[in-house]
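Trainee: These are the residues of each chain, in order.
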Amino acid sequence: MALTILLIDTDEDRARALEEKLAESGFARVIRAESLDMAATVERARPDLVIIDMALPDRDALEDIRAVSSASPVVMFAGTDDPAFAQEAIAAGVCSYNLSGVALQDVRPIMASAIALFRRYRHVETELAAAKALLDERRLIERAKAILMKNRKMTEPEAYRWLQKKAMNESRKLAQIVADFVAEDEAEKRETKS
Amino acid sequence: MSDVVPLKIQRGGTKLRIGFLRLTDSAPAIVAQEFGYFADEGVDADLLEEPSWANIADKLAYGFLDAAVIVPPLVFAIEMGLRGVSQKLVIPCNLSLGGNTVTLSRDLAAQVRGVASKDGVSIAAALAQCLKGRTEPLPLGIVHAYSTHNLLLRYWLATVGLEAGRDVRLSVVPPARAVEALQSGQIAGFCAGAPWGEIAARAGAGATVATSDHIWRNAPEKAFAVRARWAEENPDALKGAIRALVRAAQFCDAPENASYTGALLSRQKYLNVDSHAILSSLPGGAIRQDNLSRFWRQAATFPWRSHALWFLRQMARWDLIGDVDAGALAARVYRPDIYRAAVAPLGISVPSVDSKAEGAHDAPWQLEAAPNPLPMDPDSFCDGAVFVASPAPAAF
Numbered sequence: 017m018a019l020t021i022l023l024i025d026t027d028e029d030r031a032r033a034l035e036e037k038l039a040e041s042g043f044a045r046v047i048r049a050e051s052l053d054m055a056a057t058v059e060r061a062r063p064d065l066v067i068i069d070m071a072l073p074d075r076d077a078l079e080d081i082r083a084v085s086s087a088s089p090v091v092m093f094a095g096t097d098d099p100a101f102a103q104e105a106i107a108a109g110v111c112s113y114n115l116s117g118v119a120l121q122d123v124r125p126i127m128a129s130a131i132a133l134f135r136r137y138r139h140v141e142t143e144l145a146a147a148k149a150l151l152d153e154r155r156l157i158e159r160a161k162a163i164l165m166k167n168r169k170m171t172e173p174e175a176y177r178w179l180q181k182k183a184m185n186e187s188r189k190l191a192q193i194v195a196d197f198v199a200e201d202e203a204e205k206r207e208t209k210s
Numbered sequence: 018m019s020d021v022v023p024l025k026i027q028r029g030g031t032k033l034r035i036g037f038l039r040l041t042d043s044a045p046a047i048v049a050q051e052f053g054y055f056a057d058e059g060v061d062a063d064l065l066e067e068p069s070w071a072n073i074a075d076k077l078a079y080g081f082l083d084a085a086v087i088v089p090p091l092v093f094a095i096e097m098g099l100r101g102v103s104q105k106l107v108i109p110c111n112l113s114l115g116g117n118t119v120t121l122s123r124d125l126a127a128q129v130r131g132v133a134s135k136d137g138v139s140i141a142a143a144l145a146q147c148l149k150g151r152t153e154p155l156p157l158g159i160v161h162a163y164s165t166h167n168l169l170l171r172y173w174l175a176t177v178g179l180e181a182g183r184d185v186r187l188s189v190v191p192p193a194r195a196v197e198a199l200q201s202g203q204i205a206g207f208c209a210g211a212p213w214g215e216i217a218a219r220a221g222a223g224a225t226v227a228t229s230d231h232i233w234r235n236a237p238e239k240a241f242a243v244r245a246r247w248a249e250e251n252p253d254a255l256k257g258a259i260r261a262l263v264r265a266a267q268f269c270d271a272p273e274n275a276s277y278t279g280a281l282l283s284r285q286k287y288l289n290v291d292s293h294a295i296l297s298s299l300p301g302g303a304i305r306q307d308n309l310s311r312f313w314r315q316a317a318t319f320p321w322r323s324h325a326l327w328f329l330r331q332m333a334r335w336d337l338i339g340d341v342d343a344g345a346l347a348a349r350v351y352r353p354d355i356y357r358a359a360v361a362p363l364g365i366s367v368p369s370v371d372s373k374a375e376g377a378h379d380a381p382w383q384l385e386a387a388p389n390p391l392p393m394d395p396d397s398f399c400d401g402a403v404f405v406a407s408p409a410p411a412a413f
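The listed protein sequences correspond, in order, to chains G and Z.
Numbering (our numbering) for the first sequence: 17 to 210.
Numbering (our numbering) for the second sequence: 18 to 413.
So here's chain Z without its partners, still in its complex pose:
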């Protein structure tokens, strides 16, 4: 087949416009599209690459997008109208765990890496040590105010008493600008999703000192959010889209598929970066195992209410939200009920409960699920905290 002509064949099905950013964990949506999983489920998906979270938020709010691969705190911000027009959204499916890096300028990274211990708090303590005697706060980049990165980074810094505003100055730097911002000295480091830490390392601009796992092992990262109205009007297509994403998540999580996924994502219309930089955080493609994006095992696609409540608790902690009924909001947005109904025909094991004690496991454990229990990896926080969602969210 030397002369393949790209064919535009009309497909039927319910139209679903999905926005995504150039990030490794957009993988399930891209795979579901390219391998025809959406089409198999009667969903006519359109994948739209957006350059900013702000675009994703506005396009969801004004109906230019039906869904997005998105960071959950931003979903709550859109719901509450904290940045522009509000829009009701639901998260019927999670898409990934882990995958972020804390990447510092080379000099600073070398100093921090000098510490012997490799646990999250020791690394943060080493950073705190390096900051002693500084008169100015250390400028660090995050990808958005309402991002998992902002919440994880602040959580981590707080474990050693580092405060945003006093010890570090957080500003938003789009990951695509991070390399030049590091080189110009605008920032001394950043927290962003893969592949941007790897890209900065390859450009010689920085080095990664910590990852999501150093802060919260198997931390929830990207979710699939859909406009509530679209979800109500297209219940079958929504379930089909979830099944397609679950199937894609299984593909992306299989180590033997890493090179396929990496090559696919590296295409110009998707991430448009070297496939090796993408491979470095894919299951089966990574040399270091501590910054993997996980897509399927450990119930990675399940939309945990306890994840929602943790995000809301942290948003309140840093004054990103005011007084809200977190239980009600979490129950309205996170919809394990839709997930269960969608995947029922697949015969996969699904968690029996909607919330779990986050951080309670520092060793592999078994999750109660039907029909079979699920093997789970640790979910501990760097400071050993356990987050129990309380009061338990009311049944929806």
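This is chain G alone, in the form it adopts within the complex:
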């Protein structure tokens, strides 16, 4: 039996990818939400399962659907199964509601696909954040070197070695050393100003 799945995701690429993946499996029919009126959307689509991006505010509206329409009670799927699976879903940022009491074993592979896909997209975001952090660190190292070259008349290689040595002596990361060093310099400047 093909399940009807209502997919609520504003990330076009991710939504399309999940739609294709589920269509390939052949056991699900995916409907994309067109309206922000959750009650009306559910009333129209009559889905067995709703899959929603946890970054959207519309979860609160979905949860209350039993109070506003004749649709079957909404049960949060993640909560009825093992907590580890629910935690994976939350960490990936995706959540689902079981509207028609579909058996868990039928829903589980669908949610596993959704979790995997959301995680993959999250992964790209994490990589971007990591790249940005690295860039920030580089910028701080440059600042710290410039301060040392100006205040202590060091050459650039000397300044870098000085920072490295300080990191080794204090057994802290270079990133922390330069962050503190630049912060201290900022504070000193402020003091001399006031």
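Simulated from the structure, these hints should not be mistaken for lab results.
Glycine included, C-beta positions come from ideal geometry on N, C-alpha and C.
Among the hints, erroneous ones may be present.
Said to hold, decoys possible - Using 30 Å as the maximum straight-line C-alpha spacing, the simulated DSBU-like pairs for lysine-lysine come out as follows:
(1) G:K148 / Z:K32
(2) G:K189 / Z:K32
(3) G:K148 / Z:K286
(4) G:K148 / Z:K105
(5) G:K182 / Z:K76
(6) G:K182 / G:K148
(7) G:K37 / Z:K76
(8) G:K205 / Z:K286
(9) Z:K286 / G:K189
Stated by the list, open to error - A partial selection of chain Z residues facing chain G, derived with a Cβ cut-off under 10 Å:
(10) L38
(11) N72
(12) D75
(13) F81
(14) L187
(15) P192
To be verified - Computed far set for chain Z versus chain G, every beta-carbon distance over 12 Å:
(16) T31
(17) P68
(18) K135
(19) G150
(20) A175
(21) V189
(22) S201
(23) I204
(24) E250
(25) A271
(26) G339
(27) L363
(28) A374
(29) A386
(30) A387
(31) N389
Given chain G, put chain Z in place with the hints provided.
Mentor: Quick look at chain Z alone, frame taken from chain G:
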């Protein structure tokens, strides 16, 4: 300092992950974080903006959050496992009073505002008058089934005999969607926390006809809820976090700080809305004085057991909960004992009792507190009711 580089400096302390929504009354948590009050108390706080109450509830339940700025009825719902997995929570500190608006579409608001009297029941009666002859119930939005908004709105409508289901149809509309829902006609009005009524007014989508104060003056609004297990494992950090929040509440309540708080909250990582829309409900920033969020004076940070019992009574009234031992539940969740222990080093005046007669004061009054009595503003309900918590909750 033209070229300030954002520094990520490692701080020590006990990690505390606090969830919050984009609401004006998240202010104490944001201020405590940004001004280093948590750090001063040895608490390494992480503030996590969540788009929905459902996320807050799930993340508390599954341990992705240790604490949250939250509406108290939802805390009871999580405790009782009414929406998903249950989790034991405690409320050792309240965070705000008032701040909600009932905002209607412009046409409807204009009709309702036509009434001369400005008291809560007269406004509700004017709304009832406007609904006469309608064949369909009026669709109104609330932010969550287990919200203060749902309870306050139903209480207010009931004073003039308006019934949910028959006269109005309540549905959940996230505040961030309220403007478009008003414009599309999905709803004719909504009850939500600041700044969303102001945002709808600025967008030309609606106008505010009533506020929390029209329903229950100085009604409890947001609370600080913590996973009971985290609270047990980190008693000192918990007390430190409470002191940090109390200090932040004092800052947020001082009229001269309104523009700082408004600017801080308007940042992209917090509310991400125009700071003037936030200012409109901050003490000292508001032009109209009837929709203030209050953070400190009038014992606003004290977790009153009588507040807990009022919420539970109203949840039962609207069939949101079944038979529960309200006294025991209120005593387990609301923890004035933790609050008192936490703020003892601050030398501030603390209420001498855990419950008060809610609604008993329609004029300024004095609250028995130690070392000094506290000046209090009225706490009356629009219908003049007095709620006395009984039976008195057993000592915890």
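Trainee: Now tell me, hint by hint, if it's right for this structure.
Mentor: These are the hints, each one checked on the structure:
no.: 1; hint: G:K148 / Z:K32; result: holds (24 Å)
no.: 2; hint: G:K189 / Z:K32; result: holds (21 Å)
no.: 3; hint: G:K148 / Z:K286; result: holds (17 Å)
no.: 4; hint: G:K148 / Z:K105; result: violated (38 Å)
no.: 5; hint: G:K182 / Z:K76; result: violated (41 Å)
no.: 6; hint: G:K182 / G:K148; result: holds (24 Å)
no.: 7; hint: G:K37 / Z:K76; result: holds (28 Å)
no.: 8; hint: G:K205 / Z:K286; result: holds (29 Å)
no.: 9; hint: Z:K286 / G:K189; result: holds (27 Å)
no.: 10; hint: L38; result: holds (9 Å)
no.: 11; hint: N72; result: holds (6 Å)
no.: 12; hint: D75; result: holds (6 Å)
no.: 13; hint: F81; result: holds (6 Å)
no.: 14; hint: L187; result: holds (7 Å)
no.: 15; hint: P192; result: holds (8 Å)
no.: 16; hint: T31; result: holds (20 Å)
no.: 17; hint: P68; result: violated (4 Å)
no.: 18; hint: K135; result: holds (31 Å)
no.: 19; hint: G150; result: holds (23 Å)
no.: 20; hint: A175; result: holds (17 Å)
no.: 21; hint: V189; result: violated (4 Å)
no.: 22; hint: S201; result: violated (8 Å)
no.: 23; hint: I204; result: violated (9 Å)
no.: 24; hint: E250; result: holds (19 Å)
no.: 25; hint: A271; result: holds (24 Å)
no.: 26; hint: G339; result: holds (16 Å)
no.: 27; hint: L363; result: holds (28 Å)
no.: 28; hint: A374; result: holds (32 Å)
no.: 29; hint: A386; result: holds (37 Å)
no.: 30; hint: A387; result: holds (41 Å)
no.: 31; hint: N389; result: holds (37 Å)
Violated hints for the displayed structure, listed by number in ascending order: 4, 5, 17, 21, 22, 23.
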